[in-house]
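Here is what each chain is made of, one letter per residue.
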Amino acid sequence: MNMSETKDIRTEEFLINMGPQHPSTHGVLFLEVKLDGEIVVDCTTHIGYLHRSMEKIAENRTYTQFIPFTDRLDYVASMNNNLGYVMAVEKLMNLEVPERAKYIRVIVAELNRIASHLIAIGTFAQDLGAFATPLFYCFREREKIIEIFDRICGNRLTYNYMRIGGVQFDLPKGIDETIKQFIAYMRPKLDDYDWLLTSNAIFLARSKGIGVLSKSLAIDYSVSGPNLRGSGVKWDIRKDEPYLVYDKFKFDVPVGENGDAWDRYMVRVEEMRQSLKIVEQALGALPEGDPTVKASRIHKPAPGEAYMRTENPRGELGFYVVSDGSSYPYRLKIRGPSFSNLAVLPELVRGLKVADVICVLGSLDVLMGEIDR
Amino acid sequence: MKKMQPDELLVVPKDSLLETARNLKNGPLSFDNLHCITAIDRIDKIELVYILYSLLKHRALTMKVYLSPDDLNIASLASIWRSADWLERETYDMFGVNFSGHPDMRRILNPYDWKGYPLRKDYTHPEFILKPRL
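Going down the list, the protein sequences come from chains A and B. Using this note's numbering, read the first sequence as starting at 1 and increasing by one per residue. Using this note's numbering, read the second sequence as starting at 1 and increasing by one per residue.
What the hints contain is simulated information worked out from the structure, not anything from laboratory work. Treat each hint with caution, since some may be false.
What the hints assert, rightly or not - Dumping the calculated DSS-like pairs for lysine-lysine here, alpha-carbon to alpha-carbon at most 27 Å:
no.: 1; chain 1: B; residue 1: Lys25; chain 2: A; residue 2: Lys215
no.: 2; chain 1: B; residue 1: Lys25; chain 2: B; residue 2: Lys14
no.: 3; chain 1: A; residue 1: Lys173; chain 2: A; residue 2: Lys248
no.: 4; chain 1: B; residue 1: Lys115; chain 2: A; residue 2: Lys91
no.: 5; chain 1: A; residue 1: Lys173; chain 2: A; residue 2: Lys294
no.: 6; chain 1: B; residue 1: Lys57; chain 2: A; residue 2: Lys248
no.: 7; chain 1: A; residue 1: Lys300; chain 2: B; residue 2: Lys45
no.: 8; chain 1: A; residue 1: Lys239; chain 2: A; residue 2: Lys277
no.: 9; chain 1: A; residue 1: Lys248; chain 2: A; residue 2: Lys234
no.: 10; chain 1: B; residue 1: Lys57; chain 2: A; residue 2: Lys215
no.: 11; chain 1: A; residue 1: Lys300; chain 2: B; residue 2: Lys64
no.: 12; chain 1: A; residue 1: Lys56; chain 2: B; residue 2: Lys45
no.: 13; chain 1: B; residue 1: Lys115; chain 2: A; residue 2: Lys56
no.: 14; chain 1: A; residue 1: Lys239; chain 2: B; residue 2: Lys25
no.: 15; chain 1: A; residue 1: Lys34; chain 2: A; residue 2: Lys56
no.: 16; chain 1: A; residue 1: Lys56; chain 2: B; residue 2: Lys64
no.: 17; chain 1: B; residue 1: Lys121; chain 2: A; residue 2: Lys234
no.: 18; chain 1: A; residue 1: Lys239; chain 2: A; residue 2: Lys91
no.: 19; chain 1: B; residue 1: Lys57; chain 2: A; residue 2: Lys239
Just chain B, same shape as in the assembly (with noise of 0.2 Å):
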């Protein structure tokens, strides 16, 4: 059986993530494909996902890097793979995560002038409400 659904996970220490993935992609396992990025807010801290994908020898992994909420600074892959580009955007629209290093590093689903991160648990809005729960 091809192991394919990414259940290997790779914790990476914030500093050493763009090493770590030029090494995942010019490696022998050659993940040449970065499927998805996106990050979940844990309060505490903020983990960022990262899941990749090598068409090649058919493998996968998640790779995980935890931020702590006081320094969302890490390092763009968007040098690495091309993908990271608007996926690293979404991330940033929607968490607040400052990827340094990136060439456009604006809003993409919320309007450019929106204010405040939505998928972090302590955002608030006028217009949201949160219904009781089940």
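Next up, chain A with everything else stripped away, as it sits in the complex (with noise of 0.2 Å):
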């Protein structure tokens, strides 16, 4: 049988299901993809597998209660959340925070985004089918930022740093030095990664073009952080709309140029680059002064409301508090990044190969803990 008698014959469709238990869906995410043969027809998305009711929770907790919860919801990045939420709250009370806890989030939460980033690019090889090393290679990097956290904050995993007003603790004696030599080992292993995947032929083969997310479609599905940067959108809330003290210090905005799979990887390696850029620059600047919270642990803001959003690694996430006046908050809405970047997958993957699938949701790099909630 030649090429031209096999050309109309159609492959029947059929259902396969993948996760809620897969090893390539970054947590508890369940894929119902309809498959022409090996073509992705359509893909429906089943979220909810780790659904807590955080929120319902947050209206049972004072204010400060609730900080460890936010540990919870992206558990690679739990500085950042923890930051997102005392930000929204000191908004609704106006409380205005030491000038020396401001830079100290501002290194805790750079360095809590290279290692998010870290375990993403890891993850994303690994999906790729670039077994264990630059995952290792990643974890190992990672575990320096995870043994300077657990110096400054006693927690390797979920932190709970961040008070209403200020930090919990001052950074301990010393710290700069190692957080110094941990700047001058990585970039040089930065260099590393490109050398062994971003120029590397398999690599590309498989990430560039895949997933094209363009621009429209990025802002139309309320896309942020790197995709949305990797779709070629200049857009990070910290140069936009500076929070803490970021307006001081020197960093770029990388964007990509297609917005596909290579494209969100580069930005990722980028950002490392510009948050160890912040890192040094915070240290520099690093004022003296007490960041720790004298006041009460019982918040009680006049009632209202607050939206307060900050930059993720995985991008923005916003926390939404209404207060009646009583300890406990009256709703809180979390606003999770990951919930809007993982809409938009079936419209990126129609028409790609089933393996591609992997590709496009390993670059996305969405996390179950904050689309559950």
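Each of the two chains sits in its own frame; use the hints to bring them together as a complex.
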């Protein structure tokens, strides 16, 4: 049988269930993929397997009691989640934060961003078949950040470090030397990644031109973070609407060109370089003073509401806090970036091969903890 | 200083939501990004909150619609901003607000056969125990 005879033969469409327990779905995500041969015809996303009803829990905890719960939203970037939440409450209360606390917050948030991006690119490379080596390299670097956090706040994964009005502890003695050593160690490692992955022929073949997210589609779906910037939209809240002391630092906002999986990966690698720059500048300008909180742990904000969004490693994390004057939030809405980032997935995978679904999902770097909340 | 956090509030009557939304998107401020949809249960009413951004003009806006608890029907904005799709499903799942014209009005975070709307203030469940207040 030659090619002209076979081209009219159609295969029957069938459904495969990817997940909820699947090694490359980055959590308990269930994709119902409709296939024509190896081509994806349609993809339906089912979420909610990790739903813990965080927003209802928040209504039954005091403002301070809820901080450890924010650690469990995006458990790869707990510092950034703490930060978003306490800043929303501070905005509601019109609370001024000590200058040193602002700098410490920037330092830990940026270090955590590097740790989070390391996981993102490590698992992405793993998803593309670079078995174990890049992932273990990334974990080796991340371990150094975790050790720094362990010295700062005593925890390795869920930090519970930010407090409403400051931070829990001041930086321990000598930690600035350790962080400087880490920066010096990390810079050449990023060049190693370029050598290992960025210009690797197999990696390029698997990720270039795959899962192209256009500018307009990204904005329409409210995609944010590296995924939005990968599509060429120069948009970073740290730059466009500086909070804390980000306006005092020099850094660039890397953007991609085509919006494909490789661009999203590249933006993450570049962002790590920029984060190192920010940490270095923040360490150099760290003011003296006491960053810890002396006030009461029970806060009673005046009735009102506030929305605050911050730039998380995965995108824009927003907290909408409504107070009725008691010590408990009346309503707390968590706008997790991965929620909107995942919603765009079916648009990206239609027409691709099954293996590319894994590639696109890995490049979007979603995390179920904050999608399901 | 650019005005970006959504501190400006616009209360829209229920019937003119769709028209207002269309004008906001296509108007001079071009709110191209529907960032967040949520609701607040005030017992005597349910407040729908829409947070909009304009990436082009660097503007932010909070839009609110007040719904009576007896009539929780509202036009869906999924035809204007596609991000509304999942965000409206979540609001339906948690508050029981019915978005008419939505392409796929199913529960999203809770199981599909779940009874009740968990984020309403009158929600009760055998496993949900209210802690004594401090």
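We went through each hint and held it up to the structure:
Of the pairs offered as hints, the one joining B/Lys25 and A/Lys215 holds, with about 16 Å between alpha carbons and a cut-off of 27 Å not exceeded. Of the pairs offered as hints, the one joining B/Lys25 and B/Lys14 holds, with about 18 Å between alpha carbons and a cut-off of 27 Å not exceeded. Distance check on the hinted pair: A/Lys173 and A/Lys248 sit about 25 Å apart at the alpha-carbon level, within 27 Å; holds. As the CA atoms of B/Lys115 and A/Lys91 are separated by approximately 36 Å, the hinted pair breaks the 27 Å bound.
Taken as a hint, the A/Lys173 and A/Lys294 pair is honoured in the structure, with Cα atoms around 21 Å apart against an allowance of 27 Å. Between B/Lys57 and A/Lys248 the CA atoms are separated by roughly 23 Å; this keeps the pair inside 27 Å, and the hint holds. Under the criterion of a C-alpha separation no larger than 27 Å, the hint pairing A/Lys300 with B/Lys45 is consistent with the structure, at around 24 Å. For the given pair, A/Lys239 sits about 14 Å from A/Lys277 by alpha-carbon distance, which is consistent with the 27 Å threshold.
At roughly 19 Å between alpha-carbon atoms, A/Lys248 and A/Lys234 fall within 27 Å of each other, so this suggested pair holds. Proximity of B/Lys57 to A/Lys215 is assessed by CA-CA distance (about 16 Å); at most 27 Å being required, the pair is judged to hold. With a CA separation close to 25 Å, the supplied pair A/Lys300 and B/Lys64 stays within the 27 Å bound. Using a Cα cut-off of 27 Å, the hinted pair A/Lys56 and B/Lys45 holds, with the two alpha carbons roughly 19 Å apart.
As the CA atoms of B/Lys115 and A/Lys56 are separated by approximately 16 Å, the hinted pair is consistent with the 27 Å bound. Of the pairs offered as hints, the one joining A/Lys239 and B/Lys25 holds, with about 24 Å between alpha carbons and a cut-off of 27 Å not exceeded. As the CA atoms of A/Lys34 and A/Lys56 are separated by approximately 35 Å, the hinted pair breaks the 27 Å bound. Straight-line distance between C-alpha atoms of A/Lys56 and B/Lys64 comes to about 21 Å, which keeps the hinted pair within the 27 Å bound.
With a C-alpha separation of about 41 Å, the suggested pair B/Lys121 and A/Lys234 falls outside the 27 Å cut-off, and the hint is violated. Pair hint A/Lys239 plus A/Lys91 holds up; C-alpha atoms about 19 Å apart against a cutoff of 27 Å. With a C-alpha separation of about 15 Å, the suggested pairing of B/Lys57 with A/Lys239 holds against the 27 Å cut-off.
Figure legend: structure checked against the earlier numbered hints; hints not met, in rising order: 4, 15 and 17.
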